[in-house]
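Below are the chains, spelled out letter by letter.
Number of protein chains: 2
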Amino acid sequence: MEEIYIIRGNIIFTKTFGKFEVFENGYIVVEGKYIKGVYKDLPKNFGKVPIIDYGNSLIIPGFVDLHLHASQYGNIGLGIDKELMPWLQEYTFPEEAKYDDINYAKKVYSALIKDLWRFGTTRACVFATIHKESTKLLMDLFAQSGLSAYVGKVNMNRNSPEYLVEDTENSIYDTEQILQEYSTKYELVKPIITPRFVPSCSMELLKGLGNLAKKYNTPIQSHLCENYDEVSFVKKLHPEFKNYARVYEGAGLFGDLPTIMAHCILVDEDEIELMKRKNVFVAHSPHSNCNLSSGIAPVRRFIEKGIAVGLGSDISAGHSLSIANVIVSSGQVANLKWLESSKVDKPFNTAELFYMATKGGGKFFGKVGSFEEGYEFDALVIDDNSLPIFKPLSIEERLQKFIYTGDDRNIKERYVAGKKVKEPECY
Amino acid sequence: MEEIYIIRGNIIFTKTFGKFEVFENGYIVVEGKYIKGVYKDLPKNFGKVPIIDYGNSLIIPGFVDLHLHASQYGNIGLGIDKELMPWLQEYTFPEEAKYDDINYAKKVYSALIKDLWRFGTTRACVFATIHKESTKLLMDLFAQSGLSAYVGKVNMNRNSPEYLVEDTENSIYDTEQILQEYSTKYELVKPIITPRFVPSCSMELLKGLGNLAKKYNTPIQSHLCENYDEVSFVKKLHPEFKNYARVYEGAGLFGDLPTIMAHCILVDEDEIELMKRKNVFVAHSPHSNCNLSSGIAPVRRFIEKGIAVGLGSDISAGHSLSIANVIVSSGQVANLKWLESSKVDKPFNTAELFYMATKGGGKFFGKVGSFEEGYEFDALVIDDNSLPIFKPLSIEERLQKFIYTGDDRNIKERYVAGKKVKEPECY
Chain A
1 MEEIYIIRGN IIFTKTFGKF EVFENGYIVV EGKYIKGVYK DLPKNFGKVP IIDYGNSLII
61 PGFVDLHLHA SQYGNIGLGI DKELMPWLQE YTFPEEAKYD DINYAKKVYS ALIKDLWRFG
121 TTRACVFATI HKESTKLLMD LFAQSGLSAY VGKVNMNRNS PEYLVEDTEN SIYDTEQILQ
181 EYSTKYELVK PIITPRFVPS CSMELLKGLG NLAKKYNTPI QSHLCENYDE VSFVKKLHPE
241 FKNYARVYEG AGLFGDLPTI MAHCILVDED EIELMKRKNV FVAHSPHSNC NLSSGIAPVR
301 RFIEKGIAVG LGSDISAGHS LSIANVIVSS GQVANLKWLE SSKVDKPFNT AELFYMATKG
361 GGKFFGKVGS FEEGYEFDAL VIDDNSLPIF KPLSIEERLQ KFIYTGDDRN IKERYVAGKK
421 VKEPECY
Chain B
1 MEEIYIIRGN IIFTKTFGKF EVFENGYIVV EGKYIKGVYK DLPKNFGKVP IIDYGNSLII
61 PGFVDLHLHA SQYGNIGLGI DKELMPWLQE YTFPEEAKYD DINYAKKVYS ALIKDLWRFG
121 TTRACVFATI HKESTKLLMD LFAQSGLSAY VGKVNMNRNS PEYLVEDTEN SIYDTEQILQ
181 EYSTKYELVK PIITPRFVPS CSMELLKGLG NLAKKYNTPI QSHLCENYDE VSFVKKLHPE
241 FKNYARVYEG AGLFGDLPTI MAHCILVDED EIELMKRKNV FVAHSPHSNC NLSSGIAPVR
301 RFIEKGIAVG LGSDISAGHS LSIANVIVSS GQVANLKWLE SSKVDKPFNT AELFYMATKG
361 GGKFFGKVGS FEEGYEFDAL VIDDNSLPIF KPLSIEERLQ KFIYTGDDRN IKERYVAGKK
421 VKEPECY
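Those protein sequence lines, which keep their order, are chains A and B.
End of the first sequence = 427 in UniProt numbering, gap-free, step of one.
End of the second sequence = 427 in UniProt numbering, gap-free, step of one.
Incorrect hints may have been included.
It does not matter which identical chain is meant; a pair holds if it fits inside one copy or across any two.
As the list claims (entries may be wrong) - Under the rule of at most 20 Å between Cα atoms (straight-line distance), these lysine to any residue pairs were calculated in the SDA-like manner: (1) K343 x Y228; (2) K278 x Q144; (3) K242 x Q89; (4) K19 x S110; (5) K114 x N385; (6) K19 x E83; (7) K422 x H238; (8) K214 x R277; (9) K391 x D100; (10) K44 x N159; (11) K346 x A111; (12) K114 x D407; (13) K343 x L266; (14) K15 x K305; (15) K114 x E273; (16) K391 x A111; (17) K391 x P94; (18) K107 x L393; (19) K19 x D81; (20) K98 x A111; (21) K98 x L393; (22) K236 x K346; (23) K106 x E240; (24) K346 x G79.
FYI, nobody ran anything at the bench for these hints, they're computed from the structure.
If we strip away everything but chain A, and leave its shape as in the complex, we get (with noise of 0.2 Å):
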C-alpha cells in the first residue's frame, strides 16, 4: 500500500496553456508519487486521510529548469560582461577543467543542488562536463539530495582547449559506461546524452552518441543555434547539411529520442519545421541569450506551432538559479520582440509563462509540472506574508506578485514525486 495524504491550501497550476486553475482553500490528494485528484471540496471517501493544512499558503507546481551547466556553478555571476568568445575562454573552460578533480566536484556540485533547492527547482536537466567521475558524483548527489534530474557527462572533441578535448572512442566508451551503471540505478535521476554542441563534436562522435541514445533508449540535450558566429561556423563545418538542426538529425541525435535544444535563437523554417515532426524540446533561457547578446528566441512562433517549450536557466551564462526570474526574464524579452516582429509575435502573459516554467518544461519528464490525476506530486508551498500586500488579492494577482517580487525565502516547502524535500546537504 502507497502511503496517502492531502494536501489543502491555495492550489493553482495552469492545465493548459495560458489559463490558470484556481483552487482557493482547495485539496490535493496524493498517493505514492502521484496526484489522485484535484478538489474544491474534500469526497467523503477520503474523510480519514491526513491533511497537511498550509492554510493560506499558495500551493503550485515545482519549477523546471531544462537547461544548465552545473559545472558552472562556481562562475555564476562573473565575467557577464564579456563577450562570448572571452567568456568561455576566461571562465568557462578553465572552470570546467576543474571537475577532473572529484573533491572540487563534490564542493561545488553539492552547493548548486542546495541551492537549486532553494530556487523551487524540482527538476532539472543538467550539463556536467567531460569528466565521468564527477558525472557520476553529480548523479549521486542529486539522487541523495530528492531533486529530480537529467544529468549529461559533456562530450567535446575538436574545437576546444586541448584541455577539453576527448579522445572519441574514450568519449564514447565514458558515456556508455554510465548508462550501464546509470540508467536504471535511481528513480529521479537518469542520464542524458549531452553532446556540448556541433562545434566540438566531430560527426563520428555525434554518430556514435546517436547509436548510445537509441541502444539505451536515452535522451539527448545540446544546444542550437545560440548566435550567429556558431552558426556560421557550423555551416563551415558541415556543409553537407542544410543547416544546424539537420546535423544533429544527421547523427540520429534530434527527436528519435526525446531531446532538447538550447536556445534556438536563429532557427531557420526548415529547422522549426523538423523540430515540430520530432517534437524536440526548446529549453528558453532569456537571462543567458541577454547577457551574451545573443538575442532574443522566437518562442511565440514555436508555441504557435506546437512545439513544445520550457525555461532554462543557463548558469552560468544566466546569472539566476531562480526560475521565477527567468519567467519575468521571458515575459520581458517576449514584449521586446513583439516590438521587433512589428507586433507580429504576441507578448505572453503570466499564465502562458508560468506553464513554460512548469508544465512546459515538466512534460519532458513525463506527467510533471501540473496538479492533474496521475501527474507526478511536485509542488512548492509559497508564504507570501512578507510581500507588499495592502488589498485583497487573487490567488492569481498573488502568484504574480510571488513571481514578480519574491525570493526563496517564500518557499516554504518543497515536494519531489509526492516526498517533501529537506535542504540538501552541502559539503
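Use these hints to put chain B onto chain A, whose structure you have.
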C-alpha cells in the same frame, strides 16, 4: 566641530565612467557629512580617529534611484502582463486615487521607504500623487528615515480619469504651498516640480510650473518619449512644437533648472541635442521599458554625447526596487540594443553600469555617488560570505558577484551623508 571617523574595508567605486577605483583593505575618512579622503594606507595625522572596521566586507557607494512612483508601490508585481493603457486604467490610476487618504499613504509610503532602505537605495527621485497632504507626509517620512529624496507632488489637469484631474489653479497653488513649506525644511529631502507628462498637463499648467521652478529654484522631473502612442499623442496635442522635449522647453521645464526625464526611448536628434545643451538627466528604467513593451533607450548614444544618465527602478512599471537588479537589466538591454543597432551602440561593462547606478544619478544630488574628497558619504557595507564563491576573487569580481547573485541580505549597513541609517519604521 564635526564628528570625524574612519571606515575600513574593501573600498570600490567609480570616479570616472567605466573605471573602478579599488582600495583593498583601505580607509575612508569621513568628517560630518563629507569624505575627507580615501587611502590605501592611513596617513599618520588620523592616528587618533576612531575606526569602524568592516573587515573583509565591500564598501560601495549607496545606490541612486532616479525615477520611481512611490504611490504605485502597492501594485508592485501586479498587472505587468497588461499593456500600458489597461495597466494604467485597471491598476495605476485607481491605486493613485487612494492617496487622498492620508492613513493609506502612511501605511504604503512607510513600507516603501523601508524597502528602499533594505535594497540599499540611499537617494531617490520620487513621484507621489496629485494629493498635497500625502505628498508632504512622504517628505516627512523620508526625512525621519534618514534617506535622501526629491519628492514631487504630481500635476495633472487633462486626459486622465476624472478622479485624478486637478483644477489648473489649484494644482499650481498646492504645488507652491509645498515649495514654500518644504524647500528649506529638510537638508536631505527636497521638493521637485513633477508634471506627470505632457499628455496630462495643459500648456497653462506646464507654464505655471515652469514659473514656480524659477521662482523657488526647484528642480524638475517628468517623463519623455516612453512609447509610440504617447509620442504621437503629444504631436497631436502640440503641433506648434517641433517635438515632445520642445513642449517642456517652451514651458521652462527642460533644463532651465536641473531636470530629470525618465525613459527617453524615442527621442529624435533635436531632442538629444537639446538634452545635451540643457544638461538634462536621463533616468534609464529598463525593467519598466521591458515590462511595458516600450523598447530600449539609446543609452550608449546619450553617454557618447555627454548626457548624464542615472538608473531608475520605475516601480511599479518596474517590478524591482533593487538598483543592483536594475544594473543587471541595463546590461542586458544594452546587449540587445547592440544587436538592434547592427553592433553600433556598444554594450556596457560592469564598471560603466555601476557608475550609472551611483555617481551617474548621484550628480543630480550634488557631490554624491562616489568616494572622492568633498563628496557626501553615502555607502553600503556588503557582506558576500553567503554567496557561491569557490576561489579567490578580485574586489571587482566580488562586486560583480554581489550585483548579479546577491540581494538585500548581503547589505549589512547603509550610510547617508555621513550618518548610519537604521531600519525605518513601518506603520
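We went through each hint and held it up to the structure:
1. K343 x Y228: between (24 Å within a copy, 12 Å between copies)
2. K278 x Q144: Intra 34 Å, inter 63 Å, cutoff 20 Å: neither.
3. K242 x Q89: neither (30 Å within a copy, 50 Å between copies)
4. K19 x S110: For K19 and S110, neither the intra-copy (36 Å) nor the inter-copy (36 Å) Cα distance is at most 20 Å.
5. K114 x N385: between (24 Å within a copy, 16 Å between copies)
6. K19 x E83: between (38 Å within a copy, 18 Å between copies)
7. K422 x H238: neither (48 Å within a copy, 63 Å between copies)
8. K214 x R277: within (18 Å within a copy, 68 Å between copies)
9. K391 x D100: between (54 Å within a copy, 16 Å between copies)
10. K44 x N159: Classified as neither; 64 Å inside a copy, 57 Å across copies.
11. K346 x A111: Answer is neither; intra-copy 38 Å and inter-copy 35 Å both fail.
12. K114 x D407: both (15 Å within a copy, 17 Å between copies)
13. K343 x L266: Classified as both; 19 Å inside a copy, 17 Å across copies.
14. K15 x K305: within (19 Å within a copy, 51 Å between copies)
15. K114 x E273: neither (39 Å within a copy, 52 Å between copies)
16. K391 x A111: between (38 Å within a copy, 14 Å between copies)
17. K391 x P94: Classified as between: cross-chain Cα gap 12 Å, same-chain 51 Å, threshold 20 Å.
18. K107 x L393: between (42 Å within a copy, 17 Å between copies)
19. K19 x D81: between (37 Å within a copy, 14 Å between copies)
20. K98 x A111: Within one copy, since 16 Å is at most 20 Å while 46 Å is not.
21. K98 x L393: Result: close only across copies, 16 Å inter versus 49 Å intra.
22. K236 x K346: This pair counts as neither: shortest intra-copy Cα distance 34 Å, inter-copy 28 Å.
23. K106 x E240: Neither, since 42 Å and 69 Å both go past 20 Å.
24. K346 x G79: between (33 Å within a copy, 17 Å between copies)
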